[in-house]
Amino acid sequence: MTVGEKVFQVFLIVFIVFLCVMMLYPFIHMLAVSFSTPTEAIRPGLHLFPLEFSLDAYKNAFSSNQIWVGFGNTIFRTVVGTILALVFMSLTAYPLSKKYLPHRTFFTLLIVFTMFFQGGLIPTYLLIKEVGLMDSRLVYVLAPPFFISTFSLLILRNFFMQIPAELEESAKMDGASDIKILFSIILPLSKPILATVGLWMAVNQWNSWFDGLLYIQDTDKMVLQTYLRRLVIENNTQEMQAMMDQTGGQDVVPESIKAATIMLATIPILVVYPFLQKYFTKGIFIGSVKG
Amino acid sequence: MKRLRWLKRKSYFAMIASLILIFGVLAACSKKTDGDPGVISWLSFNPPETNDSPVQKELEELFDVKFENIRVERNDYRGQINMKISTGDVPDVIYLDGPGDVDDLARQGVLTEISIEEIEEFMPEYADSLREMDPNIFEYALVDGKNYGIPLMWPTGDLPFLPGYNGDWLKKIGYDEAPKTLEEFEDVLRKFRNNDPDGNGKKDTYGISGQGANDRSFSAVFAAHGVKANWMVDNDGKIYHGLTTQGAKETLKLLNKWYEEDLIDPEFVTKNPTDAHNDFINQRVGIRDWQSFQFEPRLGIIAPQFYAANPDTEIIIGKPLEGPYAKNVAYAYGARNGYIVFGAQLEDHEEKKEKILEILNALATDEEAYLLSVYGIEGEHYEMKDGVPMMNAEYSSEATKYKIGAGTFYGMFGQKSKLMEKYDHSKETLKFMEERVEGVENIRTFIGVVPAQDKYPDMQKVADEYYINFVTGKLDIDENWDKFISDWEKAGLKEITKEFNDKYSETYKIK
Amino acid sequence: MKLTLSKSRTKVNTKAKKQSIWSEYKKHKLLLLMLLPGLIWYLIFYYGPLYGIQIAFKNYRIADGITGSEWVGLDHFIRMFSTDGFTEILGNTLIISFYHILFGFTAPIILALLLNEIRSNVFKRVSQSISYLPHFFSWVILGGILDVLLSPTNGVVNHLIQLIGLDPIYFLGDPKYFRFTLVTSAIWKEIGWGTIIYLAALSSVDSHLYEAAIVDGANRWKQTLHITIPSIMPVIAILFILRIGNILDAGFDQVLNLYNPAVYSVGDIIDTYVYRVGINGMQYSYTTAVGLFKNVVGFTMILIANYAIKKSGQEGLF
Numbered sequence: 049m050t051v052g053e054k055v056f057q058v059f060l061i062v063f064i065v066f067l068c069v070m071m072l073y074p075f076i077h078m079l080a081v082s083f084s085t086p087t088e089a090i091r092p093g094l095h096l097f098p099l100e101f102s103l104d105a106y107k108n109a110f111s112s113n114q115i116w117v118g119f120g121n122t123i124f125r126t127v128v129g130t131i132l133a134l135v136f137m138s139l140t141a142y143p144l145s146k147k148y149l150p151h152r153t154f155f156t157l158l159i160v161f162t163m164f165f166q167g168g169l170i171p172t173y174l175l176i177k178e179v180g181l182m183d184s185r186l187v188y189v190l191a192p193p194f195f196i197s198t199f200s201l202l203i204l205r206n207f208f209m210q211i212p213a214e215l216e217e218s219a220k221m222d223g224a225s226d227i228k229i230l231f232s233i234i235l236p237l238s239k240p241i242l243a244t245v246g247l248w249m250a251v252n253q254w255n256s257w258f259d260g261l262l263y264i265q266d267t268d269k270m271v272l273q274t275y276l277r278r279l280v281i282e283n284n285t286q287e288m289q290a291m292m293d294q295t296g297g298q299d300v301v302p303e304s305i306k307a308a309t310i311m312l313a314t315i316p317i318l319v320v321y322p323f324l325q326k327y328f329t330k331g332i333f334i335g336s337v338k339g
Numbered sequence: 044m045k046r047l048r049w050l051k052r053k054s055y056f057a058m059i060a061s062l063i064l065i066f067g068v069l070a071a072c073s074k075k076t077d078g079d080p081g082v083i084s085w086l087s088f089n090p091p092e093t094n095d096s097p098v099q100k101e102l103e104e105l106f107d108v109k110f111e112n113i114r115v116e117r118n119d120y121r122g123q124i125n126m127k128i129s130t131g132d133v134p135d136v137i138y139l140d141g142p143g144d145v146d147d148l149a150r151q152g153v154l155t156e157i158s159i160e161e162i163e164e165f166m167p168e169y170a171d172s173l174r175e176m177d178p179n180i181f182e183y184a185l186v187d188g189k190n191y192g193i194p195l196m197w198p199t200g201d202l203p204f205l206p207g208y209n210g211d212w213l214k215k216i217g218y219d220e221a222p223k224t225l226e227e228f229e230d231v232l233r234k235f236r237n238n239d240p241d242g243n244g245k246k247d248t249y250g251i252s253g254q255g256a257n258d259r260s261f262s263a264v265f266a267a268h269g270v271k272a273n274w275m276v277d278n279d280g281k282i283y284h285g286l287t288t289q290g291a292k293e294t295l296k297l298l299n300k301w302y303e304e305d306l307i308d309p310e311f312v313t314k315n316p317t318d319a320h321n322d323f324i325n326q327r328v329g330i331r332d333w334q335s336f337q338f339e340p341r342l343g344i345i346a347p348q349f350y351a352a353n354p355d356t357e358i359i360i361g362k363p364l365e366g367p368y369a370k371n372v373a374y375a376y377g378a379r380n381g382y383i384v385f386g387a388q389l390e391d392h393e394e395k396k397e398k399i400l401e402i403l404n405a406l407a408t409d410e411e412a413y414l415l416s417v418y419g420i421e422g423e424h425y426e427m428k429d430g431v432p433m434m435n436a437e438y439s440s441e442a443t444k445y446k447i448g449a450g451t452f453y454g455m456f457g458q459k460s461k462l463m464e465k466y467d468h469s470k471e472t473l474k475f476m477e478e479r480v481e482g483v484e485n486i487r488t489f490i491g492v493v494p495a496q497d498k499y500p501d502m503q504k505v506a507d508e509y510y511i512n513f514v515t516g517k518l519d520i521d522e523n524w525d526k527f528i529s530d531w532e533k534a535g536l537k538e539i540t541k542e543f544n545d546k547y548s549e550t551y552k553i554k
Numbered sequence: 002m003k004l005t006l007s008k009s010r011t012k013v014n015t016k017a018k019k020q021s022i023w024s025e026y027k028k029h030k031l032l033l034l035m036l037l038p039g040l041i042w043y044l045i046f047y048y049g050p051l052y053g054i055q056i057a058f059k060n061y062r063i064a065d066g067i068t069g070s071e072w073v074g075l076d077h078f079i080r081m082f083s084t085d086g087f088t089e090i091l092g093n094t095l096i097i098s099f100y101h102i103l104f105g106f107t108a109p110i111i112l113a114l115l116l117n118e119i120r121s122n123v124f125k126r127v128s129q130s131i132s133y134l135p136h137f138f139s140w141v142i143l144g145g146i147l148d149v150l151l152s153p154t155n156g157v158v159n160h161l162i163q164l165i166g167l168d169p170i171y172f173l174g175d176p177k178y179f180r181f182t183l184v185t186s187a188i189w190k191e192i193g194w195g196t197i198i199y200l201a202a203l204s205s206v207d208s209h210l211y212e213a214a215i216v217d218g219a220n221r222w223k224q225t226l227h228i229t230i231p232s233i234m235p236v237i238a239i240l241f242i243l244r245i246g247n248i249l250d251a252g253f254d255q256v257l258n259l260y261n262p263a264v265y266s267v268g269d270i271i272d273t274y275v276y277r278v279g280i281n282g283m284q285y286s287y288t289t290a291v292g293l294f295k296n297v298v299g300f301t302m303i304l305i306a307n308y309a310i311k312k313s314g315q316e317g318l319f
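Chains as they are written, first to last, in our numbering: chain A, 49 to 339; chain B, 44 to 554; chain C, 2 to 319.
Only chain A is shown next, with the shape it has when bound in the complex (with noise of 0.2 Å):
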């Protein structure tokens, strides 16, 4: 290394390390005032660990059994509805990347427009009616905006068309069909956009609590992110204080809870990120071309 690289390797250091720390202290606030008591919670000033310390927050969220239903049919979704979107978005996606698809241009235009133009929400719920999702829990992995992410998906297309024709050449050669080629070519190579578009998918499913809320009805389908939501109420809007002063204040919902609810939100999906951290190291070309 040269003297240059040895000064920005040390700015670099410092400069991630500072950013770091900034990114890291909204996390860090939320687990202290979990674990805070109520008095603790409202305390202003920085929180970087309780100086009073409970559990209640984290009892209070375990007391009922739902949590445990919202988790269980949330992995569901999260798992099932990755996996679905992910066969389905490469099958969707591998043909519109080849150049000899015929009418390719109007099939892409064909998705792109519904990214822009859509029915709306009513007819979309009479839609999920006629279909038969209504109060199930298929509607969570086959519902819109689901399944196929059209963003992901033309990701996805434009990542398998940087992908050298000839390594599909060779294979063709060999009498493989599209399908094969597709899944035992251009899938392995394209494991870090795979992990990337998951990940993306993981994560909506995880997070999506609307759905649920508009389509389900049974409770025993309900997922995580509506229990929690159950246990915070935002009062950041005006209308809502004037309901809070109507039960009397026996409403009050400590900002431990909410803390607590938001820990146990996210910490489950943030588990998820550094065993796909694999999938993002280079080298998986070496040997391919080659070859």
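No lab work stands behind these hints, which were simulated from the structure alone.
This structure is a prediction, so every number in the text was calculated from the model and none was measured.
Treat the hints with care, since some could be wrong.
Among chain A residues calculated to face chain B with C-beta under 7 Å, some are [said to hold, decoys possible]:
{"no.": "1", "residue": "Pro92"}
{"no.": "2", "residue": "Gln114"}
{"no.": "3", "residue": "Ile115"}
{"no.": "4", "residue": "Ile170"}
{"no.": "5", "residue": "Tyr173"}
{"no.": "6", "residue": "Asp293"}
The beta carbon of each residue, even a glycine, is placed where N, CA and C say it ideally should be.
Following the hints, position chains B and C against chain A.
Relative to the frame of chain A, chains B and C by itself:
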């Protein structure tokens, strides 16, 4: 060449044709299902956690019905109701916050009329108790002369907004009781800011804070000038907005004076009510003017938290301030509250409608039903103490009652039925409430609905901007007052005021 | 004679073209079959409900249904444009969005390149994971945290500002600083998460290219300029086109949680305006019309961006 292009188009046409086919098939079907007549779909807030909670089961047995719980979130109640019913699936029973909501839904055609006669027939004692509190109670939510809702009253809403003072700080600055006049109040503010009342050696305390341009901010100061920052109506039935008055102008000028002198927390601009409560609880601010019930040491939003954080400090609840225009006047929410409405499909099911009215009557006037829906099962969820139900520890907050199915969902009449009020508050609480009300005159509450409000839905934005800019001094009040009024009138104030007066003057006239 | 000949030739050509389209379909039938499930899904779930878009041109009334509600043509659009202060709102939306794109779009790219330079694998992984933490908190939460951190009376940031001798800044309540606060805090929230896609692209760069460059004597900076950046250009291009499609989205969630009347003049955007309107009643048609306006503009923008990107040599959207 032309032939070629036409052929390409032909395949496009084929695809478009099949699309239109799919369109048509899917668009054609949108039937409304009425559902099982033996099942009552119910929508209010804080739905039970599961569909088989103990309270729900007991209620179903009591009334021999089945309930279907429709769930929306507290956070966005109105918005989510709109969404759920926008598809035409309207619950049988819905709790709404106010006459505006009733008007909206009625005009959308999703409600069925509930005539006043029907209410008097099926809920006679309840209707009488309403009229006792306000003889005009049925006139506020009429839509083109028709009635769609069963009104609810919330007596606690009549408790005035009063300033609460940090008792220790008052003593420290030399006051042995709460300030009575506006001048004394200003003196207290000054000393709270400058004399280090919390004794920590730092100038880190403020007199008072607020919640932006909300009508409850600085309510005590507005009240000392005889006004509030919202719609007002005088005894002759004249309706006007409080912010257009001379009293409001002087209040804003005074607030600006205090702001420039750094007596008011400058961050009030970005705070919401909870933030401002917390400032008082955390002893950053010495005065909190809010609904006085919230200073009730056992039950309110503010007092229990305050005493948990500061067990040795007392909250001294003041009386309204004496100002240039008024002496004992205070802001209050008013007792008028929500409405219970019925979905339009009940129009064709007279029997079901009557059954629901009977159920509601029981919930409002029958001891067993009331206690069950609001508090749960005696012995399991609460104990009777001196004739007043005391919730067991794990259910003491509204936020946990839904786990057993009790609370505001089925218990819509909780604290809102005069006939059942003996169960609502302990003797101590009743005494507390009496003390707050004594000698205080509430500013009359005006609520109304007119079409112009839909025409100018963003009217408030203009007022909010001017309010903040006047208080912070960004705009000089004397120079800009007339422009403020004329801008606001243009943004809808003029038309809405006129329509309010045309529609409601008679109703509000004290005869 | 000539005429008849050319006619028959056209006939032959047409038949040939017709056959060639079908034979193209047959030739790639497996490919089309792979496309079919997704296509059908789009038709059902997106094109099926598309008829609902007409409520932007109607006065939707629930009892009348979508088909039964009365037509009002362009009334809602006229109403939107003639709203007092609409120009200010539109202006704010465009300006804030422009800043978000200029700074917020480029920030993750730069961070990704920097992270790529970290030598220690462990440090790299850990800092990546930490950097995306703020993404997971909603603006409701972050708004509350920002209130504390940026407080002019006792916030950490202002504490530091005063230490270097300046006056405290009311970041959230001063129109001069509000947009700056919006853009900076948005970067704080999303920069880490935004690097993921670029890191994925970076990991696919053929390492042989670097080896060859080193042999040629290129230093790290030159490598970055001539290998790294061009390699991730395709990803940048397509992400940019898609981002431009959201040009009238200035970050509703964030603004709603951070704005207040003191900064309406610089912070009120189309979506917050629509939100306030929406609270007031069942203004479905009006809000749909505004949404449609935003989407038409967005779609037009990506058509333009797509054309420009293709002209510059990159792969576009179509």
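Here is how each hint holds up against the structure:
1. For the restraint placing A:Pro92 at the interface with chain B, the shortest Cβ-Cβ distance is roughly 5 Å, inside the 7 Å limit, so the hint holds.
2. At a threshold of 7 Å, the smallest CB-CB gap from A:Gln114 to chain B is about 6 Å, leaving the interface hint in force.
3. Hint on A:Ile115 is violated. Least Cβ distance to chain B is approximately 10 Å, over the 7 Å limit.
4. Among the interface hints, the one on A:Ile170 holds; its C-beta lies about 5 Å from the nearest C-beta in chain B, closer than the 7 Å criterion.
5. Using the Cβ-Cβ criterion of 7 Å, the hint placing A:Tyr173 at the interface with chain B is satisfied: the shortest such distance is roughly 5 Å.
6. Evaluation of the A:Asp293 hint against chain B yields a held restraint, the C-beta minimum of about 5 Å falling below 7 Å.
Violated hint: 3 only; the structure is consistent with all others.
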